[in-house]
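Asks: Sequence:
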Amino acid sequence: MDTTDDVRGAGPGEVEVYYSPRPGDAREALRWRIRKTLRGRIRLLLWLALPLVPAALGAARGIPEEQTAVLAVLVPAVGWYGAYLSLDWQAHRMYRRAARYPEYRCTLSGTGVVTRLPDGTSGEVLWDWCAGFGETRNLFVLLVKENGAVLWLPKRAALTDAELDRVREIHARNLRRL
1 MDTTDDVRGA GPGEVEVYYS PRPGDAREAL RWRIRKTLRG RIRLLLWLAL
51 PLVPAALGAA RGIPEEQTAV LAVLVPAVGW YGAYLSLDWQ AHRMYRRAAR
101 YPEYRCTLSG TGVVTRLPDG TSGEVLWDWC AGFGETRNLF VLLVKENGAV
151 LWLPKRAALT DAELDRVREI HARNLRRL
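Under my numbering, the sequence shown has 9 at position 9, and the numbering climbs by one with no breaks.
Don't take each hint at face value.
Unchecked claim - The calculated lysine-lysine pairs, modelled on DSS-like cross-linking and capped at a C-alpha distance of 27 Å, are: (1) Lys-145 / Lys-36; (2) Lys-155 / Lys-145; (3) Lys-155 / Lys-36.
Rather than coming from a laboratory, the hints here were simulated on the basis of the structure.
Could you build the full structure based on these sequences and the hints that come with them?
Replies: Take a look at the structure:
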């Protein structure tokens, strides 16, 4: 991570945007990752399907139908609620981490994304490190190859439609759409 105080404007072929994190951003980015990645879909399937195992085992072992019906309804409901809470908890942790800084300044260029924080530190994510990008109603989302982390850039950070189109063009030129 580069921790210099070098602050420069966006050069040719770059887009510079500013934004403040909001609680719903992390949740939307995580929901995108669940829908778009194999790992996310498998995790969701496990949360939704594994709670049915006790009901299936109960039916196979000859438990009375009334008890099997209760298991078949109650256990999946608990599993689905657990999946919802897990996503909420993870999104809340991500938001708390992002909310430590009131404003982010991001520069998108041909090499990657540089994020500068108010305390003078900065971090860079090269396009080579990303598996791809996606777009939701409110966000641009990057998926990191190594650990499946998601990085997001709110569309509200771009002030004009031309800036949004430029951000889309930079992403499309350097990454594949997921």
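Asks: Against this structure, judge whether each hint is valid.
Replies: Structure-based check of all given hints:
no. : hint              : result
1   : Lys-145 / Lys-36  : holds (13 Å)
2   : Lys-155 / Lys-145 : holds (23 Å)
3   : Lys-155 / Lys-36  : holds (19 Å)
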